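Start from the sequences, fold in the hints, and give me the full structure.
Number of protein chains: 2
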Amino acid sequence: MKFLLFTFVGVVHLFSLNSGKAIYKNDISRRTFQEIKEEIARYKDVAKAIINLAVYGKAQNRSYERLALLVDTVGPRPSGSKSLEKAIQIMYQNLQEDGLENVHLEPVKIPHWERGEESAVMLEPRVHKMAILGLGSSIGTPPEGITAEVLVVTSFEELQRRAPEARGKIVVYNQPYVNYSKTVQYRVQGAVEAAKVGALASLIRSVASFSIYSPHTGIQEYQDGVPKIPTACITVEDAEMISRMASRGNRIVIQLKMGAKNYPDADSFNTVAEIIGSKYPEQVVLVSGHLDSWDVGQGAMDDGGGAFVSWEALSLIKDLGLRPKRTLRLVLWTAEEQGGIGGFQYYQLHKANISNYSLVMESDEGTFLPSGLQFTGSEKARAIMEEVMRLLQPVNVTQVFRTGEGTDINFWIQAGVPGASLVDDLYKYFSFHHSHGDTMTVMDPKQMNVAAAVWAVVSYVIADMEEMLPRS
Amino acid sequence: MKFLLFTFVGVVHLFSLNSGKAIYKNDISRRTFQEIKEEIARYKDVAKAIINLAVYGKAQNRSYERLALLVDTVGPRPSGSKSLEKAIQIMYQNLQEDGLENVHLEPVKIPHWERGEESAVMLEPRVHKMAILGLGSSIGTPPEGITAEVLVVTSFEELQRRAPEARGKIVVYNQPYVNYSKTVQYRVQGAVEAAKVGALASLIRSVASFSIYSPHTGIQEYQDGVPKIPTACITVEDAEMISRMASRGNRIVIQLKMGAKNYPDADSFNTVAEIIGSKYPEQVVLVSGHLDSWDVGQGAMDDGGGAFVSWEALSLIKDLGLRPKRTLRLVLWTAEEQGGIGGFQYYQLHKANISNYSLVMESDEGTFLPSGLQFTGSEKARAIMEEVMRLLQPVNVTQVFRTGEGTDINFWIQAGVPGASLVDDLYKYFSFHHSHGDTMTVMDPKQMNVAAAVWAVVSYVIADMEEMLPRS
Ligand SMILES: [Zn+2]
Ligand SMILES: [Zn+2]
Numbered sequence: 001m002k003f004l005l006f007t008f009v010g011v012v013h014l015f016s017l018n019s020g021k022a023i024y025k026n027d028i029s030r031r032t033f034q035e036i037k038e039e040i041a042r043y044k045d046v047a048k049a050i051i052n053l054a055v056y057g058k059a060q061n062r063s064y065e066r067l068a069l070l071v072d073t074v075g076p077r078p079s080g081s082k083s084l085e086k087a088i089q090i091m092y093q094n095l096q097e098d099g100l101e102n103v104h105l106e107p108v109k110i111p112h113w114e115r116g117e118e119s120a121v122m123l124e125p126r127v128h129k130m131a132i133l134g135l136g137s138s139i140g141t142p143p144e145g146i147t148a149e150v151l152v153v154t155s156f157e158e159l160q161r162r163a164p165e166a167r168g169k170i171v172v173y174n175q176p177y178v179n180y181s182k183t184v185q186y187r188v189q190g191a192v193e194a195a196k197v198g199a200l201a202s203l204i205r206s207v208a209s210f211s212i213y214s215p216h217t218g219i220q221e222y223q224d225g226v227p228k229i230p231t232a233c234i235t236v237e238d239a240e241m242i243s244r245m246a247s248r249g250n251r252i253v254i255q256l257k258m259g260a261k262n263y264p265d266a267d268s269f270n271t272v273a274e275i276i277g278s279k280y281p282e283q284v285v286l287v288s289g290h291l292d293s294w295d296v297g298q299g300a301m302d303d304g305g306g307a308f309v310s311w312e313a314l315s316l317i318k319d320l321g322l323r324p325k326r327t328l329r330l331v332l333w334t335a336e337e338q339g340g341i342g343g344f345q346y347y348q349l350h351k352a353n354i355s356n357y358s359l360v361m362e363s364d365e366g367t368f369l370p371s372g373l374q375f376t377g378s379e380k381a382r383a384i385m386e387e388v389m390r391l392l393q394p395v396n397v398t399q400v401f402r403t404g405e406g407t408d409i410n411f412w413i414q415a416g417v418p419g420a421s422l423v424d425d426l427y428k429y430f431s432f433h434h435s436h437g438d439t440m441t442v443m444d445p446k447q448m449n450v451a452a453a454v455w456a457v458v459s460y461v462i463a464d465m466e467e468m469l470p471r472s
Numbered sequence: 001m002k003f004l005l006f007t008f009v010g011v012v013h014l015f016s017l018n019s020g021k022a023i024y025k026n027d028i029s030r031r032t033f034q035e036i037k038e039e040i041a042r043y044k045d046v047a048k049a050i051i052n053l054a055v056y057g058k059a060q061n062r063s064y065e066r067l068a069l070l071v072d073t074v075g076p077r078p079s080g081s082k083s084l085e086k087a088i089q090i091m092y093q094n095l096q097e098d099g100l101e102n103v104h105l106e107p108v109k110i111p112h113w114e115r116g117e118e119s120a121v122m123l124e125p126r127v128h129k130m131a132i133l134g135l136g137s138s139i140g141t142p143p144e145g146i147t148a149e150v151l152v153v154t155s156f157e158e159l160q161r162r163a164p165e166a167r168g169k170i171v172v173y174n175q176p177y178v179n180y181s182k183t184v185q186y187r188v189q190g191a192v193e194a195a196k197v198g199a200l201a202s203l204i205r206s207v208a209s210f211s212i213y214s215p216h217t218g219i220q221e222y223q224d225g226v227p228k229i230p231t232a233c234i235t236v237e238d239a240e241m242i243s244r245m246a247s248r249g250n251r252i253v254i255q256l257k258m259g260a261k262n263y264p265d266a267d268s269f270n271t272v273a274e275i276i277g278s279k280y281p282e283q284v285v286l287v288s289g290h291l292d293s294w295d296v297g298q299g300a301m302d303d304g305g306g307a308f309v310s311w312e313a314l315s316l317i318k319d320l321g322l323r324p325k326r327t328l329r330l331v332l333w334t335a336e337e338q339g340g341i342g343g344f345q346y347y348q349l350h351k352a353n354i355s356n357y358s359l360v361m362e363s364d365e366g367t368f369l370p371s372g373l374q375f376t377g378s379e380k381a382r383a384i385m386e387e388v389m390r391l392l393q394p395v396n397v398t399q400v401f402r403t404g405e406g407t408d409i410n411f412w413i414q415a416g417v418p419g420a421s422l423v424d425d426l427y428k429y430f431s432f433h434h435s436h437g438d439t440m441t442v443m444d445p446k447q448m449n450v451a452a453a454v455w456a457v458v459s460y461v462i463a464d465m466e467e468m469l470p471r472s
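Line by line, the protein sequences are chains A and B. Numbered by UniProt numbering, the letters in the first sequence go through residues 1 to 472 in order. Numbered by UniProt numbering, the letters in the second sequence go through residues 1 to 472 in order.
Quick caveat, the hints were computed from the structure, so don't treat them as lab data. Owing to the predicted nature of the structure, the values given are computational and were not obtained by experimental measurement. Among the clues, some could well be false.
A pair counts as met if it fits within one copy or between any two copies, since identical chains are not told apart.
Said to hold, decoys possible - Here are the computed lysine-lysine pairs in the PhoX-like style, where the Cα-Cα straight-line distance is at most 25 Å:
(1) Lys261 x Lys129
(2) Lys82 x Lys44
(3) Lys446 x Lys257
(4) Lys196 x Lys109
(5) Lys257 x Lys129
(6) Lys82 x Lys129
(7) Lys261 x Lys279
(8) Lys86 x Lys129
Okay, here's the thing in structure tokens:
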């Protein structure tokens, strides 16, 4: 394959005409892309050593085993819970025992919501006990529940059109699943939109790619000035059945009981560990996943896997006796599920040092067999990432897609720092996401080995290269 | 393609040396296979008419819509329940209104088991509320439940080896899923084997090809002389977690509560309708599915689909104004899930007429897109079935596999009657089988159209051919 032999000199010059100045420290304007390519190619043996250790060597299955032990021991780790607190304490100890550096906890105030007892029973046209999961931050119902007729709609547009019918009813959303980012608006905004037209509660079809009568929870958001109404997700199956019943003209009545309660904010922490850089210790490559989860299943996939391959990346590098020029910083975020609370707090605390962040990485969409990385950054940085990913040819994970992201790293990415995330089978991910099915059974040790190898090679090479990743 | 031009004369002669006599009525020994082939080929236009009506014509999606209406209205239909009784009454009326002939109900006494309230909570090593489904015919626990330490095994062999450890414990089976017929022995025999070594209860990993924390119920069998202990299925996820915990040396304690109860046998019926044969009305081609289901989900897939494509087969033939030479008999079995109670009763009642049964058909493994038929019968009959299936070339469903079967038709097959069943995606089938996920969401109207077309073409042609299917 042939490569473009453009130099960054011309390109940077071109950009300078517009932006005025380069905001990053290490000036790459003197180096040709060919020189950078050659620099990256020299990491071939290091990459092979990392891959061998992670995939075939003594570290194989380690991230899976470590994760299984944690999530079997503490279970799910919702924001504000004792189990999240316990998980953070265990990880604090684990990271120290692993020999990582500068292990510490950074305080964060986080939301504390508990679902309590909850149930939904269809009373008409036939008695049917429905599986539900209340949505994070929802208020509860009165103890006797809310018993009301149902208005079922398939979109916000239909709700607007039929607004006069909604008053005093329970609105059921049976929106189709398009993709997560499009469809999740019904979970997040469904209660507010229903409340605006006078509904007493809202029940939302789970945002899921596949279902075995499995409800999927997640955060929802109230709006100032709009009455707060209880809201929960129901299964795809029940949403579809209710739609069919309505289309036959059946009157549908549901009794909803939710013991959900919001408590005062709790004390929590982002958990941090490092391999301190040998030459530019103030410069940072950040690898991360979140330690909190929803309160169902084990939070093994979302985001135990992301947190543990991030830890594994540092373990692998340390085990090989490697120390990159820049600091490799592991952050295990708290309260991501409540809207990136830990990530925002970290950004507030550290943003003064933003010019020293070369790359922020978060894995939060599964650690199944990765197909590559998603990346946000300048085209120059993307070209470098593509070269780095060539080092992962031995595990056949070389693709660089668009739009690196992660709730906790988006603050940095939006401020111009290059960002990368792991890409894998999203259909599988959204089959289990935020459901009772998010357990170790979904996880595959061999797939985690490969994910960890990718994570370690990318973070190490970017942290060790002569220059930081160029920004636009 | 070329065909073997062997005549049945020689073959029957060969068989006669061993078996002594032909037990079927219409002697086919005078006809060459070429003549039979030509006879079948003459059904090409009829087959096309059936396919057009079912897949592209005004009957398309009818079986799906009829099924949705029934299962949305009555819900799941367990043996002995009011909802099964209601479903039978509705079908009795539906079949009459459809203009089918000799619509009648044949009485059957069926088991009546109810699960009641049930729960399982892991108390050690951490508190964890487990999803369970009690197994059909299981006794309940005392009201305070059974709280005991767990012994987890992966096979009956391991249970034997560790028999001294089982006394006073709850045995958890974490057997791997091999295939349904192999693995289901743990569900059926698990309680008996655990009781033999002194266990207080048994919890069995759900027999499922795929799981989203979904328990799968089903029948289990006690044995005379072995103490009856309560038994339920747990999820694949929990079985695996309990295994991991045990392998780490954790002491595991579970509290199991089951309100399950066996009641006196209930009155029920097989539901029968016909298109009476024009020439040999006493001769029968039987098409069937079972109307009962487990008490979770909607029994849409198991076996609403099989029952409704069987009904649809007769509807299609009637709508086209066709009347085969032999009688086409639809039977909707009752209490299949309790071990083919309706099927056995029917066999007892009708076996005197066995020599007049040309073919028995049951669809009970899904009505997704069929890949073909499973068939049990003589090689001569198989050759005929293969020719009949060529008529289904327009929908690309032409394969004839080994081993036609069905709980309700096996009595006939074992007595020598040719038997056929519908083949489709068993991985999908056993993802939802006997779980809360067996709902209309699994069903696809277009796939049901094709399944109904296959069912109608095969049953019509076999019922209309000059001669009955040859037996061995
Ligand atoms: Zn997540
Ligand atoms: Zn069945």
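Hints, one by one, checked against the model:
1. Proximity of Lys261 to Lys129 under the C-alpha cut-off of 25 Å is found in both arrangements, the shortest distances being 23 Å within a copy and 20 Å between copies.
2. Taking identical chains as interchangeable, the C-alpha atoms of Lys82 and Lys44 are never at most 25 Å apart, the minima being 44 Å within one chain and 70 Å between chains.
3. Taking the closest pair of Cα atoms, Lys446 and Lys257 never come within 25 Å of each other, the shortest separation being 43 Å inside a single copy and 38 Å across copies.
4. Taking the closest pair of Cα atoms, Lys196 and Lys109 never come within 25 Å of each other, the shortest separation being 31 Å inside a single copy and 55 Å across copies.
5. For the identical chains of this complex, Lys257 and Lys129 are neighbours both inside a copy (12 Å) and across copies (19 Å), given an alpha-carbon limit of 25 Å.
6. In this assembly of identical chains, Lys82 and Lys129 lie within 25 Å of each other by CA distance solely across copies; the values are 17 Å between and 31 Å within a copy.
7. Proximity of Lys261 and Lys279 under a CA criterion of 25 Å is satisfied in neither setting, with 50 Å inside one chain copy and 73 Å between copies.
8. Taking the shortest Cα distances, Lys86 and Lys129 sit within 25 Å of each other only across copies (19 Å), while inside one copy they are farther apart (35 Å).
Of the numbered hints given earlier, the model fails hints 2, 3, 4 and 7; all others are met.
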